[in-house]
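Engineer: Each chain is listed here by its residues.
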Amino acid sequence: MLALKNLQVSIASIPILRGVNLTVGEGETVAFVGRNGAGKTTTLRAVMGLLASTGDIELDGQNIQKVPPHMRPGLGIGYAPEDRRLFSAFTVEENILLPARVAKLSAGETKRRLGRVYTILPELKEMGPRPAGSVSGGQGKMVALGRALMIGTKLILLDEPFQGLAPVLANRYAEALRALRDHDRSLSVVITESNPGLLKSFAERTVTIERGEIQEMPPVEAETA
Amino acid sequence: MQVLVLATLDGIAYGALVFLVAVGLTLVFGVMRILNVAHGSFYALGAYAAASIGGALASAGLSPWLAYPMFIVAAVLVGVVVGGLMERFLLQRIYGHEETLQLLVTFAVFMILDNAQRLIWGVQPYFYSEPLRLLGNVKIAGITYTAYQTLFLPLVALAVLFGLRWFLRYTLAGSVIVAVTEDREAATAVGINARRVFFLTFVIGVTLASLGGALASPTTSVLPGMGAEMIVLSFAVAATAGLGQIEGAAVAALMIGLGRSMAVFFAPELEVVMPYIIMVLVLLIRPEGLFGKSTARKI
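Chains R and B supply the protein sequences, listed in that same order. Each residue of the first sequence is one higher than the one before, counting from 1 in the numbering used here. Each residue of the second sequence is one higher than the one before, counting from 1 in the numbering used here.
It is worth saying that the hints were derived from the structure and are not from the lab. We treat Cβ as the ideally placed atom computed from N, Cα and C, and that holds for glycine. Among the clues, some could well be false.
Computed from the model, here is a short list of chain R residues facing chain B with C-beta under 8 angstroms [claimed, not checked]:
#: 1; residue: Met-48
#: 2; residue: Pro-69
#: 3; residue: Tyr-79
#: 4; residue: Phe-87
#: 5; residue: Leu-98
#: 6; residue: Pro-99
#: 7; residue: Val-102
Calculated lysine to aspartate or glutamate pairs in the DMTMM-like style (CA-CA distance at most 25 angstroms, straight line) [what the hints assert, rightly or not]:
#: 8; chain 1: R; residue 1: Lys-104; chain 2: B; residue 2: Asp-183
#: 9; chain 1: B; residue 1: Lys-293; chain 2: R; residue 2: Asp-182
#: 10; chain 1: R; residue 1: Lys-154; chain 2: R; residue 2: Glu-123
Please model the entire structure based on the sequences and the hints provided.
Structural biologist: Structure (structure tokens):
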């Protein structure tokens, strides 16, 4: 599904990623853990093309390095950034629907995908008409996940989804992720997190990054929920 | 009392024209974060194009009413051709660079276009006031004033204001412009081509400036240097409103139009500085402008 080969990113001549190699299988949920500044977010942003990188980024065996950043979501990659990045000028539902509108999905396909989002995150349906700028930080993370799910049919990249969430919301978010995995077994998910303990219940594999390099890549653990 | 009415009508008409130019400037800045010094040149180009087309219509013996649709044609032509070429071949190379470079490049374009106007149209003023005559006069509170300035220009400004708001709110093209304005990276991550949005925005901005020039041409003599005056005024409007604020630009344009007009009638020596006095007063009280949002500084 996703294979990063010798992925390197430098910002202002300072190497941030030093040859990251990572594979994520179809339907696999990978916890991508590491301390702050280790390179987790940089890796996800490089996959989305939001940062210039060298090395290979393969999706289903095809190198997407030359695919422009705005076309990568169209390949089926959904991205929920750490700081939510919702468009406050739109309502919650408009935020969720925006990727489908941009991709010019048919009304039927849009409805089907929106239905999937609301099945996994039913609270978003209620929040739909609210201005996105009025939702709390935790609710915003849910909206960002919903928006990523609208376009991410193959791969979802979630950047520190639990950071800053109150315990109740963190549990709810974890529930939603489990529901997502049960609902769509072919969807691959990469979740970055500083605290690996939070991901034990649903990540099938944990990959650690330290100072821009993959430190360990243990075999699949029997810790799935 | 009559002088006050006259000054008010004058101010509204002038404010409507300034709004058309300033809203394009503020839209371009809001989306692309570029302060386009060449914006005034598009106003002048629109005026020259409209005056030339009007002259051609008269020479060909065609109905002068055709001048009205031709204003729009002239504005769109300048927007798509000149604005499109400038965005594609010049601005695309300087996105993300220092503001100083952007200011220098757009100032260079202003100088080039200003001289190009002198080469093409010469230094003699152009007059084409037929559209002004066609709509006749109206009488308001005992004052006879042209319907073109009293009704037509403010109506066009209102149509642009509400049309632009509708476009940004209810169309996909407008929504992607709003998304890129708010967060370019997040917009890219949902599949929006920010470069294309920049192109579209710039063409719209230039078209609006050019439309302002085209509509101004029947009310004034079209002559070299008119773009310079308008760009300075547009900057004052945009800064007073808060950069990137569309409704704010309408209010600020009206304030500055009325302020300038009142100065013309009651304190002529202040005419030139009045727009800047208003701007300074507003910025002293609200540094982010009337409608601007203050943002926390990231350290």
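Engineer: Please check whether Val-102/R passes as an interface residue: C-beta within 8 angstroms of a C-beta belonging to chain B.
Structural biologist: 4 angstroms, holds
Engineer: Does Pro-99/R pass the interface check with chain B, least Cβ-Cβ distance below 8 angstroms?
Structural biologist: 4 angstroms, holds
Engineer: Hinted pair, alpha-carbon criterion (25 angstroms max): Lys-104/R, Asp-183/B. Please report holds or violated.
Structural biologist: Holds, at roughly 21 angstroms.
Engineer: With chain B as the partner, please determine if Met-48/R meets the hint condition of a C-beta pair closer than 8 angstroms.
Structural biologist: It holds, given that the least Cβ distance between Met-48/R and chain B is near 6 angstroms, below 8 angstroms.
Engineer: For the hint on Phe-87/R, just tell me whether its beta-carbon gets within less than 8 angstroms of chain B.
Structural biologist: Result: holds, 5 angstroms to nearest chain B Cβ.
Engineer: Lys-293/B and Asp-182/R: Cα distance at most 25 angstroms?
Structural biologist: 44 angstroms, violated
Engineer: Hint validation: Leu-98/R versus chain B, beta carbon distance must be below 8 angstroms. Holds or violated?
Structural biologist: 5 angstroms, holds
Engineer: Restraint: Tyr-79/R near chain B, CB-CB cut 8 angstroms. Satisfied or not?
Structural biologist: Hint holds; Tyr-79/R Cβ to chain B Cβ min 5 angstroms, cut 8 angstroms.
Engineer: Under 8 angstroms, Cβ to Cβ, is where Pro-69/R needs to be relative to chain B, so tell me if that hint holds or is violated.
Structural biologist: This interface hint holds because 5 angstroms falls under the 8 angstroms limit.
Engineer: Can the restraint linking Lys-154/R and Glu-123/R be considered satisfied, given a maximum Cα separation of 25 angstroms?
Structural biologist: 24 angstroms, holds
Violated hint for the displayed structure: number 9, the only one.
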